[in-house]
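J.: Each protein sequence line maps, in turn, to chains A and B.
For the first sequence, position 72 matches number 75 in my numbering, and the numbering has no gaps at all.
For the second sequence, position 440 matches number 443 in my numbering, and the numbering has no gaps at all.
None of these hints come from the bench; they were simulated from the model.
Note that the structure is a prediction, hence the values are computed from the model and not measured.
Just so you know, even glycine gets a beta-carbon here, dropped at the ideal spot from N, CA and C.
Do not take every clue at face value.
The calculated lysine-lysine pairs, modelled on BS3-like cross-linking and capped at a C-alpha distance of 30 Å, are [claimed, not checked]:
hint	chain 1	residue 1	chain 2	residue 2
1	B	Lys190	B	Lys117
2	A	Lys220	B	Lys203
3	A	Lys142	A	Lys175
4	B	Lys117	A	Lys16
5	B	Lys220	A	Lys203
Here chain B is said to cover these stretches of chain A; the calculated rule only asks that three of the stretch's residues, wherever they fall, bring their Cβ under 8 Å from a Cβ of chain B [said to hold, decoys possible]:
hint	stretch
6	231-239
7	335-347
8	362-372
Simulated coverage check for chain A against chain B, where a stretch passes if three residues somewhere in it have a Cβ under 8 Å from a Cβ of chain B [to be verified]:
hint	stretch
9	26-35
10	153-161
11	177-187
12	293-307
Protein chains: 2
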Amino acid sequence: MKERILELLEAKKYPEIAAMVKDMNPADAAVLLEELPQSNMPIVFRLLPKELAADAFAYMDGDTQEVLIQGFTEKELDEVMEEMFLDDTVDMIEEMPANVVKRILRHVDEETRKMINQVLNYPKDSAGSIMTMEYVDLKRSMTVEQAFERIRATGLDSETVYTCYVTDSRRKLEGIVTVRELLLSPKTAVLRDIMETNVKFVSTHTDQEEAARLLSKYDFLALPVVDAEERLVGIVTVDDAIDVIQEEATEDIEKMAAIAPSDKPYIKTSVFETWRKRVPWLLFLMISATFTSGIIISYEDALAANLVLSSFIPMLMDTGGNSGSQSSTTIIRGLSLGEIRYIDVPRVIFKESAVAMLCGLTLAVTNFGKLMLIDHVSMLIAAVVCFTLVVVVLVSNVVGGTLPILAKRLGFDPTVMASPLITTIVDAVALIIYFNIAKLLLGI
Amino acid sequence: MKERILELLEAKKYPEIAAMVKDMNPADAAVLLEELPQSNMPIVFRLLPKELAADAFAYMDGDTQEVLIQGFTEKELDEVMEEMFLDDTVDMIEEMPANVVKRILRHVDEETRKMINQVLNYPKDSAGSIMTMEYVDLKRSMTVEQAFERIRATGLDSETVYTCYVTDSRRKLEGIVTVRELLLSPKTAVLRDIMETNVKFVSTHTDQEEAARLLSKYDFLALPVVDAEERLVGIVTVDDAIDVIQEEATEDIEKMAAIAPSDKPYIKTSVFETWRKRVPWLLFLMISATFTSGIIISYEDALAANLVLSSFIPMLMDTGGNSGSQSSTTIIRGLSLGEIRYIDVPRVIFKESAVAMLCGLTLAVTNFGKLMLIDHVSMLIAAVVCFTLVVVVLVSNVVGGTLPILAKRLGFDPTVMASPLITTIVDAVALIIYFNIAKLLLGI
Numbered sequence: 004m005k006e007r008i009l010e011l012l013e014a015k016k017y018p019e020i021a022a023m024v025k026d027m028n029p030a031d032a033a034v035l036l037e038e039l040p041q042s043n044m045p046i047v048f049r050l051l052p053k054e055l056a057a058d059a060f061a062y063m064d065g066d067t068q069e070v071l072i073q074g075f076t077e078k079e080l081d082e083v084m085e086e087m088f089l090d091d092t093v094d095m096i097e098e099m100p101a102n103v104v105k106r107i108l109r110h111v112d113e114e115t116r117k118m119i120n121q122v123l124n125y126p127k128d129s130a131g132s133i134m135t136m137e138y139v140d141l142k143r144s145m146t147v148e149q150a151f152e153r154i155r156a157t158g159l160d161s162e163t164v165y166t167c168y169v170t171d172s173r174r175k176l177e178g179i180v181t182v183r184e185l186l187l188s189p190k191t192a193v194l195r196d197i198m199e200t201n202v203k204f205v206s207t208h209t210d211q212e213e214a215a216r217l218l219s220k221y222d223f224l225a226l227p228v229v230d231a232e233e234r235l236v237g238i239v240t241v242d243d244a245i246d247v248i249q250e251e252a253t254e255d256i257e258k259m260a261a262i263a264p265s266d267k268p269y270i271k272t273s274v275f276e277t278w279r280k281r282v283p284w285l286l287f288l289m290i291s292a293t294f295t296s297g298i299i300i301s302y303e304d305a306l307a308a309n310l311v312l313s314s315f316i317p318m319l320m321d322t323g324g325n326s327g328s329q330s331s332t333t334i335i336r337g338l339s340l341g342e343i344r345y346i347d348v349p350r351v352i353f354k355e356s357a358v359a360m361l362c363g364l365t366l367a368v369t370n371f372g373k374l375m376l377i378d379h380v381s382m383l384i385a386a387v388v389c390f391t392l393v394v395v396v397l398v399s400n401v402v403g404g405t406l407p408i409l410a411k412r413l414g415f416d417p418t419v420m421a422s423p424l425i426t427t428i429v430d431a432v433a434l435i436i437y438f439n440i441a442k443l444l445l446g447i
Numbered sequence: 004m005k006e007r008i009l010e011l012l013e014a015k016k017y018p019e020i021a022a023m024v025k026d027m028n029p030a031d032a033a034v035l036l037e038e039l040p041q042s043n044m045p046i047v048f049r050l051l052p053k054e055l056a057a058d059a060f061a062y063m064d065g066d067t068q069e070v071l072i073q074g075f076t077e078k079e080l081d082e083v084m085e086e087m088f089l090d091d092t093v094d095m096i097e098e099m100p101a102n103v104v105k106r107i108l109r110h111v112d113e114e115t116r117k118m119i120n121q122v123l124n125y126p127k128d129s130a131g132s133i134m135t136m137e138y139v140d141l142k143r144s145m146t147v148e149q150a151f152e153r154i155r156a157t158g159l160d161s162e163t164v165y166t167c168y169v170t171d172s173r174r175k176l177e178g179i180v181t182v183r184e185l186l187l188s189p190k191t192a193v194l195r196d197i198m199e200t201n202v203k204f205v206s207t208h209t210d211q212e213e214a215a216r217l218l219s220k221y222d223f224l225a226l227p228v229v230d231a232e233e234r235l236v237g238i239v240t241v242d243d244a245i246d247v248i249q250e251e252a253t254e255d256i257e258k259m260a261a262i263a264p265s266d267k268p269y270i271k272t273s274v275f276e277t278w279r280k281r282v283p284w285l286l287f288l289m290i291s292a293t294f295t296s297g298i299i300i301s302y303e304d305a306l307a308a309n310l311v312l313s314s315f316i317p318m319l320m321d322t323g324g325n326s327g328s329q330s331s332t333t334i335i336r337g338l339s340l341g342e343i344r345y346i347d348v349p350r351v352i353f354k355e356s357a358v359a360m361l362c363g364l365t366l367a368v369t370n371f372g373k374l375m376l377i378d379h380v381s382m383l384i385a386a387v388v389c390f391t392l393v394v395v396v397l398v399s400n401v402v403g404g405t406l407p408i409l410a411k412r413l414g415f416d417p418t419v420m421a422s423p424l425i426t427t428i429v430d431a432v433a434l435i436i437y438f439n440i441a442k443l444l445l446g447i
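The shape of chain A in the complex, shown without the other chains (with noise of 0.2 Å):
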């Protein structure tokens, strides 16, 4: 579709191109618009139907709407504010320049303004920062035929109608009411009778991964969100809660790999930035790794009366990095869906040791195998290599499997205790134990 719309640009068919685009999903022409070159992909963009371009505009990275707004009217301009939802007009605002938040501010309304500054100033993750605003509020001695009255007239500028929140005079939230229950109750029952009172809801000031959670939880569409008054001021909606999700799965992976969580993809992250993220934990890792040098020169004595114990470090090393990574990352994944508590610590502990023996007891047996038949090692450094290797499991596991748990109990974040660190610390208990059990067996 690109290359055709390219093409139909070159020759200034905009009218083909009109009929083309015209009924796209607002999703596809955001795609769409990203990957036309700057000087052409405004033109496309004035070919689509209002409406649709208002729809589209919310759908595109920061970038592009930039790129947009530059060449924007006064006019085009007020047309996209008027139709963008309130939380959507903030994430824009976020990524802007601030001559360009000047600029769109002045094409808002003093209310909306307000509110954006408001929204603007929740905590950064938090559920007051991801809400909206434009909600549909109802009251409880209203009729079901009252409460559609109320949908009908406010619901176009409501990212959602299906959950209609109930409140008292002050906004204090008394209920809520779904569409579904409306159109199955009859015209005159009074929502009081109707409305569900036992709310879930969560604060301004809860973490949006929190939010997202519940929602995902109870199966809502959308969540309440109040203020330190227990006023409703706003709600989460079920898509933005998809996107938290994906944001926090995508963050709990990349510290997991010792990155400092980035916000943008990684086309978009420029090199400097990329180093910056990356550089803090490898020179941390690098300085940690440098106690194994002294670890290894410490046993000088013991390596120089047997040089072939010097090859099999690196196997140990990742053998017990191995283990211990996978231990440490089902745990800290288990933390963050909420199906493993500080309580479990024991349970843990008896499962990670036992199936550290299971695992190396099966990988000492098979290296034995192989340390004797291939590679025609004496049997006492065969002994030394796969006794350690099962302490070495053993323990990784052990580590691997506590460590985040008490990270979190002492209020860390558990995923600093992922592979990079757990295997850092593996190694030097690795080490310690393989040269200790050579000693012992090899009398050196």
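Since the structure of chain A is provided, determine the placement of chain B on it from the hints.
T.: Showing chain B alone in chain A's frame:
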């Protein structure tokens, strides 16, 4: 709450328990029941109001459901099956032993049994396997008023009423119409004129991850699923899509840590099963790592001449592994979110090289300082170590950045190219680089 209920159970104060639980949210009630001892749990279940009991049942894990079903009278089983949605029933059946499944199937009507069997036959992880067949279908000739009548008539048994599907006489999907549009349209409008005809859909065999990705991309509440003849057979709802997104993230994280993915929470997986998920990769990686022994032995002369060289092996290998896993992790996540494609390979190579040069130099300078000032090694040795560092980080980043994309291009799962395998590859490469630089600079 659990403690209070256990006390009341002890004292047999059942009416008080009933009063406590009667307004609970179904998801919360399910968690409560799962945590009660098996002997008491069915008593509390029977104290729940009927509808809440059935709703809570759908949220419980398989073990708890099984205990309850074993104790159900025929009438109780009837009531629960009546209330459950088809996709929840299928989820449940997949976890039950054969005799329980037989008993369940006796309690559903002929038509439902057919539908259950059909869903059970779709491939695991396909859109067909997670869809529900209970949706509202409308005809293009209906007016808005008639549409609402139909929604009122069939809505109670549908998982969502908010997106309705317009089909022709052969069940072919012609368009969709949302309740929001129905509410905002005049009662006499005809669906033909207001329905959206540019409909996004998936087939029963589409990967569930792709279905969830589409649903999230377009911010839908439900996505239609069609069969090979393009007839509508079901819908995937947003709550199931969220579960898929969570599961797939967990799966990716597990695979990146070299664990075969499991669909059970950690606490519910047996020791033997955990061993089976972890040991194959540990074995494979251990055997791959033994090649590093071969490399070290083949450079034994260089090592014997300068034993201190062996003490830097762990640090060099760890750093290579860490930077390789930073880049492979970033790329794998980008691939799975659809942000990076095959055509991006040159860009990835350029960027990883540039970042690697920056990171490598930072690490080398720091390490050189430490080696000279703290460890007091000779300048030549320090040069060997630091020069190796730069080369190793460069190779790790390029290998870590490109292998996942190539794996995907060749039809493999890119997650196999995650940290553990990259670490093993990088280890071998790092050693060869290290010894060759040492031979060159030290003249051994």
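J.: Does each hint hold? Answer for all of them.
T.: Okay, the hints, checked on the actual structure:
no.: 1; hint: B/Lys190 to B/Lys117; result: violated, 37 Å
no.: 2; hint: A/Lys220 to B/Lys203; result: holds, 27 Å
no.: 3; hint: A/Lys142 to A/Lys175; result: holds, 11 Å
no.: 4; hint: B/Lys117 to A/Lys16; result: violated, 53 Å
no.: 5; hint: B/Lys220 to A/Lys203; result: holds, 27 Å
no.: 6; hint: 231-239; result: violated (count 0)
no.: 7; hint: 335-347; result: holds (count 6)
no.: 8; hint: 362-372; result: holds (count 5)
no.: 9; hint: 26-35; result: holds (count 4)
no.: 10; hint: 153-161; result: holds (count 4)
no.: 11; hint: 177-187; result: holds (count 4)
no.: 12; hint: 293-307; result: holds (count 9)
Hint compliance for this structure: hints 1, 4 and 6 are broken, all remaining hints hold.
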